[in-house]
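**Q** Each chain, letter by letter, is given below.
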Amino acid sequence: MEIFLQLLINGLMLGGTFAIISIGLTLIFGIVRVVNFAHGEFLMIAMYGVYLMNLQFGLHPYVAMLPMFFLMFALGAVMQRYIIQPLLSASDEIQIFATVGVSTALMNAGLMVFGADVYSVDMSSAVVGTGMTSIGSLTINNGQLMTFIVSILLIGALDWFLKYTFLGRAIRATAQHRDAALLMGVDVKKIYIIAFGLGAGCLGLAGGLMAPQYPVFPTVGTFFVLTAFIIVVLGGLGSLHGAFLGALIIGVVDSLAGYYIAPDLKEVVYFSIFIAILIFRPTGLFGAGRGSE
Amino acid sequence: MLKFNNVSAGYGGAEILRNVSLEVKEGEVVTIVGANGAGKTTSLRSLCGLIPLTSGSIEFQGQQINGLQPHEIVDRGITLVPEGRQLFPFITVRDNLLMGAYKKTARKDAEKRLEEVLELFPRVRERLGQYASQLSGGEQQMVAIGRGLMSQPKLLMFDEPSLGLSPLLVSQVFDIIRSIVQSGTTVLIVEQNIGHTLRLADRGYVLENGEVVVDGTGEQLLDDPHVKRAYLGL
Amino acid sequence: MKKYVSKIKGGAVAAVALTMSFSAMADINVGALYPFSGGLALLGNESFRGLEIAIEERNANGGLRGEQIKLVKSDAVDAGQAVGAARKLTSIEGVDVIFGSFSSSISFAATQVAELAAVPYFELGAISDNITDRNMKYVFRSNPTAKNFAEGTIDAIFKVVAPTYGVDAKDLKVAIIHEDALYGTTVSQFQKDIAKEKGLNVVQTLPYSAKAVDLSSLVLRLKGAGADVVLQTSYQNDTTLFFRQMREAGFKPKALIGAGGGYSMKDTVKVVGEKNMEGVLDVDFAQYLMNEAGAPGIKEFQATYKERYGEEPRSGHSLINYSGAKIFLDALEKAASLKADDVREAVMAIDLPIGSTAAGIGAKMNENGQNIRANAAIMQWQDGELKTVYPEAAAVAAPKFPQHP
Amino acid sequence: MNITQPQNYVSLLLLLLMLVFPVVAGSPFVYHIFILVFSYAALASAWNVVGGFAGQLSLGHAVYYGVGSYTATLLMINFGISPWIGMVAGALLASVISVFVSWPCFRLRGPFFALASIAVLEVVRLLVINQHGLTGGSAGLAVPLQQGVEWMVFRERWPYLVISFGLLSAALFVSWKIKNSRLGYYLIAVREREDAALAVGVNAVRVKLAAVIISAFLTSTVGSFHAMYFTFIEPGAVFSLELSIQIAMFALIGGLGTISGPVIGTVLVLPLAELARGWLGDFADGFHGFVYGVVLVIVVLTIPRGLVGQFGARVGALINRLPGYKEPETVQPSTSTLTHVQSETLGQPILVAEHLHKYFGGVHATNDVSLTLKEGEIIGVIGPNGAGKTTVFNQLSGFLKPTSGSVRIRTSYGEWVTPKSPAEFAKAGIGRTFQIVQPFADLSVRENIMIGAFMNTDDHVEARAIAAEVAQLTDLTDQLDKVARDLTVGGMKRLEMARALATRPRILLLDEVLAGLNPSDITKAIEIIRRIRDTGVSILMIEHIMQATMSLSDHVAVINSGSLLIEGEPEKVVKDPQVIEAYLGKEYSHA
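Protein chains in written order, with our numbering: chain F, 41 to 333; chain A, 105 to 338; chain E, 4 to 408; chain Y, 38 to 628.
If you're looking for bench data, these hints aren't it; they were derived computationally from the structure. Glycine is no exception: its CB is placed at the ideal position from the N, C-alpha and C atoms. Please note that the accuracy of each hint is not assured.
Stated by the list, open to error - Derived, one-sided and incomplete: chain Y residues facing chain A with beta-carbon distance under 10 Å: (1) L246; (2) I356; (3) T525; (4) H581.
As the list claims (entries may be wrong) - In silico negatives: residues of chain E with every beta carbon more than 10 Å from chain F: (5) K73; (6) K173; (7) D174; (8) D183; (9) K195; (10) E200; (11) V206; (12) P210; (13) Y211; (14) A215; (15) D217; (16) P256; (17) D270; (18) M351; (19) N371.
Pulled out of the complex, with its shape left as it was, chain F reads as follows (with noise of 0.2 Å):
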């Protein structure tokens, strides 16, 4: 039973930091209808950067995050302007290649300029982020904890936005009625435009929250991209709620696969997953009737 209860905590606090990288993607995907295989790719750049600030400015990666935000959320603007966004009429495969190459190039970039090196960043003088809460004999990582406290604080700041500002109803009715959006005076493109910025500043903050967790090297985004897509298709598509509970599952999936099947076939039992969603309800398990038809 202890064992059971540590492996849920464990799940449970891998899925904070899933669903710290599945915000971005859900945003991106719910919104501007465009699967950004580069997502990976973006969340290592985060990486770099807080990386970067703590080596230069010994900025503690909490702090760095901030400031990572607002860069990335350039850098995903920048995206969806010059690259999706002649695009968006395009088909589907079109939208996807451009998306992979922008992934290849930004990950052979990552190579170029920091080489193959793993560099994580120095935690040792940090007072945040670090070591382990108990409970009875069951341990919590303070920074997977601050993850997870972080993506729901994150969740109900973009739910807020989402729900009580002007901007915030525009994205959403331009996700759900692109051609009433357009009458009702909304300038579509530019909402395109911050739509993928905050999915993509969403990755400044994973990448400040994993710093104390993970390493960065060029191949990071890799590890995470896959099952970002899995965890935002289960959860239903711009879902954020959906995303949160489906990083949860995913993250306890994980955890308990692991212990109770195989370490080496957890994947396997959370792309089976995938697949059946996929097939039996393409909306997700919380998708609110638009899917994947």
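Following the hints, put chains A, E and Y in place on chain F, whose structure we already have.
**A** Just chains A, E and Y now, with coordinates in the frame of chain F:
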């Protein structure tokens, strides 16, 4: 206030509007009638900037507006209540209405405006928290009109406001449009249900195959043989 | 018209001949086939630096057979590209010999091409045993293989862990975990076989993906099984992840034994922390803290490396590549010519005792071209340094475990 | 294939040139590059059958490649079976797997299909690693180096070149065959407009499955060959996402859905990438990968249709100036179906709908509609916008399933049937048009009509003859070679009719074929509809243009708010006050 000068427009090479000229004066109610496929909706969509013109020009308050982005046209004070309502399905009724006040000049008075609109549609008030997709057809039409009013338009356009509604609801919708007209908003209606429309309108244009074949006051058109021919082939 | 054509032809031929003779006179072309990009880039590059230093050293001392050696770099990310890279080296670049290749799958593909082109291929770092099991005439390997690594890790249990704790090795519960790609699978398979042969009590064998972002459930399984000794074959990311999550779960086995990879890397210590790596055993190509007596030239190499690249070596891959390259370069110097058969003859004649190179290995090739005097060293992390603890001749420190006072 | 046509002989010459070039150049590296080019071009062509022709963006094709690699290698290692046999066995196994993998995924669109295919690839790769007892796990398998033709391992390089060229030729031949067959047309039809394809009797699932099977088969053979060529396979390399993306990318850069595109894409990009690795590799690690990515982005931004899509027509026209060019022969229409058929069952019911009800959520869209169409009759269906006429039509042609009630059709053999799917409806003799025209925009008018004709024949020539004949009936003869997207509205509407007619329907459902036409087009169309009826086809038409309805219809049915308001002779119906009210509003009828 609004002027079409020899406008031609269409989709993908097919010309649906041909050399259409028409005019709406401030404070007027003007209607465009005609059979299905005659180009009524196309004329409204080209006015909103959703379809580029192939020739001609559109002027609003003396300035050329064709070629502007749709949101720029909304900013000038032109709002369309589209055919088939086109509400945002998974957004609450309240937020749907507030979306109507998206343009910068309408935002600060949005809450006040919302109250006014709700006074006009008391039934909508009870539904404020529901998703638009959960409403009945009539309620959706009310929300769509309300949403159009939220932008405080100078020119409000309706595309087939009676579509898919029961006769009783159609009468209600036209009563509402009438009250909007009385409050001083200029209105342009495209409608198939010409009985109601022509009675309401100051003037009307009859479109046939993308061209204006007759125009005149509402009363004149009611008796015009073109109208009956366009609809019933008599 | 005809005249004109022949004139052009003549000119072209002359030009080609000129460039060919030019390169023939000036240099000996030597191929360097490594993964320089993609996921394997880091260690591929580190391996290459060892070769580069060996070549530069040789050039500074008058070159090979009186000529300067020119290194031709060729990048291969996977087996498919390795074939292309090897073809290019053997045909277009016309190299006399090829050095490589860090990755076993790259080596498999590239050696095949070189063998058919009759260009000697010197493997300096890939560890899959089968590479030299294929009756190839011109493929030689200087470094220890996966089997040597596995033997080393089991040796570490018998010769280091059990004596230090003063227990019988067969009473220890052993767990084998490994990343599930080529490297981890190969080493762990030998580990399982040898452990069985020697009567060890293996309680868990758990493969996992090197791309895993969470190993906490694996740690809990080890903890639940009460493993005393954990053998891990891993890259860097999974090593650091495993250490972090082991700490979080409060799992403290008597000994951790790695088979190179992530366990040998400075960066791993940087991420994991010195005190968390304290006492961890590592079986790998020899690293830098070796008794100079058992590894002549190691200090010098280290100094050269630091001067050349401005940093400490990132792992022992450079050293083993350096040592291997030197062994083969010496053979090339002595060969009758650079023809493949002469090279083979010279290589087969090499006879160096263990402990005579900078990496501590000796050199003597068997019929298959495998160096039978390549052994893996047993090292231990002590105070943030990887110190050789076994064999005694090369040892610089005695083994000690923080868990064992 | 006519060898004297410039496009044909130029293509063949270029292919041969590619085979001769490495032999002349003689360098092993050049050999290697061309072996890679041939085999990757074969992979790209195979992928193109699914990704281009069928429009299903698969990023999991490495599954089939891997199955080929592993089957051939395992059979060789364990049973000493020649890889030539292993190649066929692997291809068959890959075909079977493709059915299981693709069937459930077909209803997924665009990115979702792509994601599902990636997930399948990951699962397969992980399972192959996990089942190391069978597959050797991630340690991979080394191919035994037994040389000789039967083992597909050679010391020389030219046999590899020949084999890879053979594989490419096979893939190209299959692509060319598909493109010029019924299957090819059906694939395009399903990709472009699935509804329109269904309406002419195309079984969309079966057509897509055929494409997937063929593609998997071809992909697998290349996988087997590569295993023998590289002599070492491991799951990470053969079941790889990068490989899947790469072959798709070659096809995309060359031009999706074309025959030559995948080859041209591979020929340009692959050697460039190999050379770039050499040139740029020294410059900085990763630089060539960076360039690769940037080039891909630039290509999709500037020539998204690929090289062939963008320049193919112009180059094709240039090549046609070479000697030997002949216009394709015009096929003389046989006039068999145009003649008036005297049917013994004229005037008897042929289509019966009884008590149709349809609910969408809470909306009662069709309320107890019953209709009977007699053979040789024209019924006009009128009613205001949004009254539910098209909903009724969709139920009569199988596109919507009625909530309750039935639709029966009398076949040419006199039996009454109740079809289940749109394709079955089409086969039972119902042809339909769509209110919003659904042309296959990039195909010519002739090809559009042929897709309809293929319902009854798989012979190309016969389909052309039917197209010519139907075109004559619908006044499209002089537009036959025009691309459908260039037609006028009137032309498109007539094309809708022509495509439906090409299926030789006995009942034709026309949904507003006159809307949006100018007066002269309308006159033309009315005449055509009369002609069609005279060939023995019974017609049910929705129409707004009253003059036309009045003059054409034997009967008029009025639908309002989902129910049948009145049915009867045109003159009576139109004077009915109910009808006037429905159309013009209550106020008007009182006026």
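**Q** Would you mind marking each hint as holding or not holding in the structure?
**A** Against the structure, the hints come out as follows:
no., hint, result
1, L246, "violated (33 Å)"
2, I356, "violated (28 Å)"
3, T525, "holds (7 Å)"
4, H581, "holds (4 Å)"
5, K73, "holds (24 Å)"
6, K173, "holds (27 Å)"
7, D174, "holds (25 Å)"
8, D183, "violated (5 Å)"
9, K195, "holds (15 Å)"
10, E200, "holds (25 Å)"
11, V206, "holds (15 Å)"
12, P210, "violated (4 Å)"
13, Y211, "violated (4 Å)"
14, A215, "violated (7 Å)"
15, D217, "violated (5 Å)"
16, P256, "holds (17 Å)"
17, D270, "violated (5 Å)"
18, M351, "holds (36 Å)"
19, N371, "holds (32 Å)"
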